[in-house]
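Chains as they are written, first to last, in the working numbering: chain A, 1 to 726; chain B, 1001 to 1100.
If you're looking for bench data, these hints aren't it; they were derived computationally from the structure. By construction, the Cβ of each residue, glycine as well, lies at the ideal position given by its N, Cα and C atoms. Treat the hints with caution; some may be incorrect.
If the Cβ cut is set under 8 Å, some of the chain B residues that face chain A in the computed set are [unchecked claim]:
1) V1022
2) I1023
3) R1024
4) L1092
5) N1096
6) S1097
7) R1099
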Amino acid sequence: MSSNDNQNSESDLLKFISLSLAVSLILFYFSTNGLADDFVSVAWMIPVFPIISFVAILLFGHMDSRKGGSFALAGIGLSAVFSLAIAYDVLIQNSLHGEYVESTRTWFSGATYSFDFGTYVDALAALLLLVVGLVSYLVIVFSTSYMEEEGDRQVRYFAEISLFVGVMLGLVVANSFLLMFIFWELVGVCSYLLIGFWYEKPSAASAAKKAFLVTRVGDVFLLMGLVILYSTFGTLRYSELFDNPEDLAANATELKWATLCIFGGAVGKSAQFPLHVWLPDAMEGPTTVSALIHAATMVKAGVFLVARAYPLIVHSPDTAIYIAVTGGVTAFIAASMAMVMYDIKRVLAYSTISQLGYMFLALGTGAWAVWSAAENGIEDHAQGYTAGLFHLMNHAFFKALLFLGSGAVIHSVHTQDMREMGGLRKAMPITSAAMGLGVLSIAGVPFFSGFWSKDEILEAVYHNSEAEGVFGILWWLALLTAAMTAFYMTRLWMMTFSGPENRVVEEMVESKDHAKTGNWVLKSKTIKSHAHEAPLAMTVPLMILASLAVFSGFSLFLGEGFGSRVYYGHHADSESMIQWSILDHILTSSLTYLSVIVGLSGVTLGYLFYKRDSEGQTTFSPAFVESFAVTSYLHVFLSNRLYMSKFFDWFGMRTWDTVARACDWFDIYIIDGIVNGVASASQFFSSQVRKLNSGFTGHYASLTVGGLGAIIVITRIIMPFMGWSL
Amino acid sequence: MIDPINFVVFSSILLLIGAYGVIRNKNAIVVLMSVEIMLTAANVNFIAFSSFYNDLSGQIVALFVTTIAAAEVAIGLAILLSLFKQRDTIELDLLNSLRW
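Kindly generate the complete structure, drawing on both the sequences and the hints.
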C-alpha cells in the first residue's frame, strides 16, 4: 500500500468518525428532547447500541470496507455519547443529588416471586459509564488501524468487541444482581473469545481456556452469594436490598457469607490473589483487547461489584478486612513479579493486577471505616470508597494509554520482548511521549493523576491503622508497592525507548570449522531499527488518553470536587470534602511527602538501573543480578511467578488425580459390576430359555395345546377345588 | 331334540383328533388337514348352539370360519409349494432352521 492510499484511508476514517459522532449527537438530542433534560431515563439505550452493531457486523460485516469497523465505531460511538452525557449530567450537573434513578419492567413473575429488568443509575454507574464509554470508543478507533493486517478476520474481532462493550455497559446500568450476573457471564464469554482471537496459536487457545475456567471459579462463588441473598431477603434488586438498612443489619451472619461469596466473584474477575493467574496469560490476545478488557474495563467489573455491594459490605467488618487484605497482598506480590518480567505486556498485566489490588484495598478500608464509625455511634463517609473509585477512573485512563502505547510499539517492532527494544524514542516521538506521561502518572509523580488517587488510598489506609493493627501492615505493603510500581514502570519505559536507535549485540556463534573443532566465536551484529511512528488513528487516541492521564486527577478539585459526587455514607458539607481543604490537607500532610519520596526514589532507581547507554546496554544487566546469590534466587523465584501456576498444577494433579482414581475404581467395580452382573445373569437365563425355540412345528403345537390344557386344568379343576375364584 | 352335550363331546373329540394330528404328523399337508379338522370342531359347536338358541348369528360365524379356512388353506398350500421348490421336501422335521 502506498503512502498516498494510507493517507486517503486515514482521512476517510477521520471523516467517518466525525460524521458518526455528529449523527449520534443529533440522535441523542432528539431522543432526550421530549424528556426535558432527563438524560438518565435513556440509560437503557446505552448497552443496546453496541449489541445492535454486533448483530449488524455478523450479518453485513463482510460488505463493509473496514470489515465491520464502521458498525462498531457507530454503535460504540452512540453509546459513548450517551454515556458521556449521563456522566456529565450526574457527575458535573449533580442532577441526582446522591440519589439513584431506577426504571424497571417485569421480566417474569410467579405466585411468590417476580424478577425485573431495568436500569439503575447513580454516581457509581455514571462514573463507570464515563470510563467504559470513553475508553472503549478510543480503543475501537485505535483498533481500526491496529487490526488492519488481519483482513477478513476483523469482522470477528469487531463483532466480539462490540458485544463486549454492550454487555459491559449493561453490567454497569443493570438494576439487580441477577441481571448484572447475566451480563457478568456474557462479559466472561467475550473475554474468552477475544483472548483466543488467534485460536490457531496453542498458547492463545490455552490462555483463553485458562481465563475462562479460573474466572468461573469466582463466578460460582458469586452465584452462591446471590442465592444466599435471595433466600435471605427475597429479592435481588438493588433498590429493594439497599433501602432497608435495618433488615440488612438484622441478618448480619447471612450477609457476611453473602458478601464474602460476592467478593469471591470479584476476585476471579479482577484477577486478585489467588485467582490472579489468568490475567498475565490473557495477554495472548490482541493488544487492543488487553487494553480494553484486561486493563481498563472488564477487570474493573470486580471493583464495580464490590462498590455496588457496599451497602451490604458495611454491615460485615470481616468481609471488609478480607477485601482489604486481599487487595494489599495482591498489590504487593503482583508488583514484585512485574519487576522481573521482560515481556512488555506482561509487565503491564502484573501492574494491572497490582493496581486493582490497590482499589480493593481502598474499598475494603472504606467499608471497615464506615462500620467502625457506626459502631462508635458516629456517621462517617467512606474515604476509601471515594479513593478507590477515583483510582479506578485514573487507572482506566493511564493503563489504557500504556497498553495502547505498547500496542503501537509492538505494531512497529513486531516483538514483545523489551530486551530486543530500545532506542524507539526518536522513531516514535508521540508514542514515547504519551507513554512517558502514563508512566509518570502510574508512578505517582506529583500532580499527575495517579499521584492524587494513590495518595488518597494511602491516607485512607493509614487513617484506619490507628483503630485496627492489620491496616498498619497493609499501609506498609501499599507504600512498598508504590515504590515498586514507580520502579518497574520506569524500567519499562527506559528499556523500550531509551538508548541509541541502532545497536550492536554480541553473541556467540558457531565458527566456520565448528563441526571439526567445536569452536565458538564472538560475533557482533548491528540490529537496525525499522521502527516508525504509528498512524494517526493510533496516535490520536494515545494523545487523548495521555491528556486524560495527566488531568483526570484534577477532577478532585473541579467544581465541588470528585468526592462530593462519588461517595458512600454520610456526606453533607463535612470539612474534608471541600476541595481546597483537600488540597491543603494533601500538601501539608507528612504522609504525602513520604509517598512522594518513595515514588520518586522508585523512578530514580529505575532510571539508574535501566537507562540504556550509547551501546544500548542497560546498566543493570542480567549478569549483575546473577552475581549475588540472594538476588539471583529472588529473580528466579519472581520470574516463575512465585511458582503459583506450578503449585496450582501440582495441587490440581494431586487432589484431582486421587479423586479421579477413586471415581474410576467406583465406576469399574461398582457401577460396571452391577451393569455387567445384570447383563450376564439375563444372558445365562435367556440361553436356557431359548432352547424352547426348537424349530419343530410339533413342539410349538404341543406347547400350545399343553398350555391350553394347563389353563383349563388350573381354572376349572384346581381353583374350584381350592375355593379360589378369578 | 338332541341334548347339546352330545355336540360338545363330539366337537371336543374332533378338536383333540385335530390337535393330535398337528402335533404328531410330519407331513405339512396332513398338518393343514388337521387344522381344518380343528376348525370344523369349532363350526360344529357354532351351528349346534345356533339351532339350540334359535339364533342365526352362529351359522353366519360358521360361514365366515369356512371362508377363512379356505383362504388359509390357499395360502398354506402356496407356501408349501414354494417350500417344496426350494427344499424339495415338506417334511416338517427337516424344516427347522428357524430356531435358536
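Hints, one by one, checked against the model:
1. V1022: Because about 5 Å separates V1022 of chain B from the closest Cβ in chain A, which is inside the 8 Å limit, the hint holds.
2. I1023: holds, 5 Å
3. R1024: Interface hint status for R1024 of chain B: holds (7 Å vs cutoff 8 Å).
4. L1092: holds, 5 Å
5. N1096: holds, 3 Å
6. S1097: Given a least distance of 7 Å, the restraint on S1097 of chain B holds.
7. R1099: holds, 3 Å
Against the hints set out earlier in the document, no violation occurs for any number.
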